[in-house]
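Just so you know, the protein sequences line up as chains A and C, in that order. If you read the first sequence in the working numbering, its first letter stands for residue 678, the second for the next number, and so on. If you read the second sequence in the working numbering, its first letter stands for residue 678, the second for the next number, and so on.
Hints are computed from structural coordinates only; laboratory data are not their basis. Every value quoted in this text rests on a predicted model; they were computed, and no experiment measured them. All residues carry an ideal CB built from backbone N, CA and C; glycine is no exception. Some hints could be false.
A few chain A residues that face chain C, going by a derived Cβ cut-off under 7 angstroms, partial list only [as the list claims (entries may be wrong)]: (1) Leu-688; (2) Pro-693; (3) Met-705; (4) Gly-710; (5) Val-719; (6) Asp-722; (7) Ser-742; (8) Gly-743; (9) Glu-750; (10) Ile-778; (11) Thr-899; (12) Phe-904; (13) Tyr-997; (14) Glu-1005.
Derived DSSO-like pairs: lysine-lysine, alpha-carbon spacing no greater than 30 angstroms straight-line [to be verified]: (15) Lys-996(C) - Lys-900(A); (16) Lys-898(C) - Lys-810(C); (17) Lys-810(A) - Lys-900(C); (18) Lys-810(C) - Lys-900(C); (19) Lys-898(C) - Lys-898(A); (20) Lys-810(C) - Lys-810(A); (21) Lys-898(A) - Lys-900(C); (22) Lys-898(C) - Lys-1016(A).
There are 2 protein chains.
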Amino acid sequence: MDEFNPPARLLMGAGPSNIHPRVARAMMAPLLGHLDPDFLRVMDDVREMLREVFQTRNPATLPVSGTGTAGMEASLVNVLEPGDTFVVGTNGYFGERLAEIGRRCGAEVVTVDHPMGSPVDPDALRASVASLKRVKAVAVVHAETSTGVLTPLEPLAEIAHEAGALLVVDAVTSLGGVEFRADEWGVDVCYSGTQKCIGAPPGLAPITLSERALSVMRARKTKVQSFYLDLTMLQDYWEQRVYHHTAPVSMIYALREALRLVLEEGLENRWARHAHSAAALYAGLDAMGLAVVAPESHRVPSLTAVRSPEGVPEADVRKYLMAQHGIEVSGGLSALAGKVWRVGLMGHNSTVSNVFTFLSAFENALAAQGFEVAPGAGVAAAQRSVRERMA
Amino acid sequence: MDEFNPPARLLMGAGPSNIHPRVARAMMAPLLGHLDPDFLRVMDDVREMLREVFQTRNPATLPVSGTGTAGMEASLVNVLEPGDTFVVGTNGYFGERLAEIGRRCGAEVVTVDHPMGSPVDPDALRASVASLKRVKAVAVVHAETSTGVLTPLEPLAEIAHEAGALLVVDAVTSLGGVEFRADEWGVDVCYSGTQKCIGAPPGLAPITLSERALSVMRARKTKVQSFYLDLTMLQDYWEQRVYHHTAPVSMIYALREALRLVLEEGLENRWARHAHSAAALYAGLDAMGLAVVAPESHRVPSLTAVRSPEGVPEADVRKYLMAQHGIEVSGGLSALAGKVWRVGLMGHNSTVSNVFTFLSAFENALAAQGFEVAPGAGVAAAQRSVRERMA
């Protein structure tokens, strides 16, 4: 078997996204033992920076040693016990997954279903929560990766807390790319992934737990069904250095460097950069006559789902982009499979230059499938958007 | 926060171990999307090489996206259902962990306890299994990382299979460093970690499942309590490309390159190299008047637990080794905490040169704590062992 030399790709799908060269270099640093004093300092650094990125003071903030789905599962198995009532506002693929994992925890799961493409409606959620007695937790996806829809969290925290429930939030596609304020918004449990707006490779799931969440965990009657994802033990490892598992050292190095880049840029600057490049993308798509799934008021700047026009084979467009331009975009999930492209502008990749590159290639790819776009129409509109915003 | 530049360490503890420069370089290769055709080929390569390393033809062979403990949990949650009887032969810290995870699966766990330092006794295990009706699985740790004791697996497979139970094996510290033959020995479920004898960074848990294990999984009445570690879904992702989670791409690159190195060397050569350097270590320790925990007949060549002599503060010796020589060795776990050093000779690090380096530094460290060793006594004995074996 030969050495593997991957082709260079511009990763503009649902993640992973390209990483900054500094992050790649950090990953190569010599390994340390997982209990080495120098590594313990790295762990502290990572936790401190994660708190900043989550905008929280929660002591219980750490990266789980698994991908975003491990973060989702950790969030639920530690909070839910068999028989607990768990309400999920679902508006896409990942909301469904929250519900599925809740069921595997033995919880009574009540979903408040929304069409794919809509944000979670606070009134519908409130009505559902009010109709139930003793809700243990309410969960939503902040930025639905399957649709690119953003759901505002503040009203939902109020609903959860009034019912004495925890608010659990999936911030996989939003954290580091769009405004997020765990403490101010009243988020109790929040998990994310490293490979999207944080700008590290996939493999870790940052998580943060409020004091309210910790007291629910302390009051458990049963052990957490997962040993690997037992957050009390993980917190003891990250805080008290009690051995639990061997942390993925190289990935932690990468995350540390990615977080340094996030904070060097500044969170608000980073959110603004994501908004800026997304605006250029929207302008370009609009000029090309293409529709964005999410309503203008509720868009995730780091991920845009675009409807493929009637008669255009969406998979062939993706194949063309990959083969001819080395650009990856993602297809749709569940009800949107075959009906949308999902275009990511995440972390290091969220730049106006990448928008120009993508739109030009996309125009080509659509033309190759017989969908005529005036060459440069999308790019021109994106340029105008950028100039206006910068003026 | 500054750039992190870790000190260079010789990692001779219980893992992680140092990695070959080719593995570090592989990790830096440009990211690909987790469904990119080029990445799918990498996944196939990894599975094919893992089968070789496990010495199995099991189609269900893949790396779980977590560390060794995730592999342990995946092995149990997929096989056990609430109320199932699960027998664990315990002879150290990791056997206890198997039992604990079994209990978290809702199984009736029966442990067959052995003193730390003994292998699992087939007769004791057979008696326990015979006294129970309907045992679902029997588990043991092949190479107990807490003691350096090796338990032969063939007799245990027979015991499990006669009772209609599966044999689950922890090969975290053995795989790639000591003879292991999943198919020939009748192992049904086996997991390992990447950071020991495989020679990759920590972060993945290779796992393999026999047809017998798969049929037990197919006959489940309940869903697997973990979504993240649901091996049927993971197998669908690795085989049918059904999206389940975003694989840790960079870690998979690293594992691919580590496995290439394993197979370039040849499995049997690699086992012989581990045995060769371990023999030199044993000779040196013996000449220094130090006792190895494991009996000569049941030693793990990749990990040696050495008793710290009466009155020698074991933690100070480790600190000295780290501070003065940049060498990491591990302390003891559970009943052996404070009583042993654990010396790893794993993967890339399992060389006679490292044994010489370690023994020289160890003699120094012990002398600094007032335990007098004639300078060079250990090294001289190790040299003689090497010359004899090479003659």
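These are the hints, each one checked on the structure:
At its closest, the beta carbon of Leu-688(A) sits 6 angstroms from a beta carbon of chain C; the interface hint therefore holds under the 7 angstroms criterion. Below 7 angstroms, beta-carbon pairs count as interface contacts, and Pro-693(A) has one with chain C at about 5 angstroms; its hint therefore holds. Given hint, Met-705(A) at the interface with chain C, holds; its Cβ is 5 angstroms from that chain's nearest Cβ, closer than 7 angstroms. Here the hint on Gly-710(A) is kept, as its CB sits about 5 angstroms from the closest CB of chain C, short of 7 angstroms.
Of the supplied interface hints, the one on Val-719(A) holds, with its beta-carbon coming within about 6 angstroms of a beta-carbon of chain C, less than 7 angstroms. Annotation: interface hint on Asp-722(A) holds; nearest CB of chain C at approximately 6 angstroms, less than 7 angstroms. The interface hint given for Ser-742(A) holds, since its Cβ lies 6 angstroms from the closest Cβ of chain C, which is under the 7 angstroms cut-off. Among the interface hints, the one on Gly-743(A) holds; its C-beta lies about 5 angstroms from the nearest C-beta in chain C, closer than the 7 angstroms criterion.
With a cut of 7 angstroms, the hint placing Glu-750(A) at the interface with chain C holds, because the nearest CB-to-CB distance is about 5 angstroms. With 7 angstroms as the threshold, the beta carbon of Ile-778(A) comes within range of chain C, its nearest partner Cβ sitting at about 5 angstroms, so the hint holds. Hint status for Thr-899(A) relative to chain C: violated, with the closest Cβ pair at about 9 angstroms, above 7 angstroms. For Phe-904(A), the suggested interface contact is upheld, since its CB lies about 5 angstroms from the closest CB of chain C, less than 7 angstroms.
The restraint placing Tyr-997(A) at the interface with chain C is violated, with a minimum CB-CB distance near 14 angstroms, outside the 7 angstroms limit. Interface hint at Glu-1005(A): satisfied, since its Cβ lies 5 angstroms from the closest Cβ of chain C, which is below the 7 angstroms cut-off. The straight-line distance between the Cα atoms of Lys-996(C) and Lys-900(A) is roughly 36 angstroms, outside the 30 angstroms bound, and the hint therefore fails. Restraint check: the Cα-Cα separation between Lys-898(C) and Lys-810(C) comes to about 19 angstroms, which is no more than 30 angstroms; the hinted pair holds.
Taken as a hint, the Lys-810(A) and Lys-900(C) pair is honoured in the structure, with Cα atoms around 27 angstroms apart against an allowance of 30 angstroms. Between the alpha carbons of Lys-810(C) and Lys-900(C) the distance comes to roughly 24 angstroms, so the proposed pair stays at or under 30 angstroms and holds. Between Lys-898(C) and Lys-898(A) the alpha-carbon distance is near 25 angstroms, which keeps this suggested pair within the 30 angstroms criterion. For the hint pairing Lys-810(C) with Lys-810(A), the CA-to-CA distance comes to about 42 angstroms; that exceeds 30 angstroms, so the pair is violated.
Between the alpha carbons of Lys-898(A) and Lys-900(C) the distance comes to roughly 22 angstroms, so the proposed pair stays at or under 30 angstroms and holds. The straight-line distance between the Cα atoms of Lys-898(C) and Lys-1016(A) is roughly 36 angstroms, outside the 30 angstroms bound, and the hint therefore fails.
Violated hints, in rising order: 11, 13, 15, 20, 22; the structure is consistent with all others.
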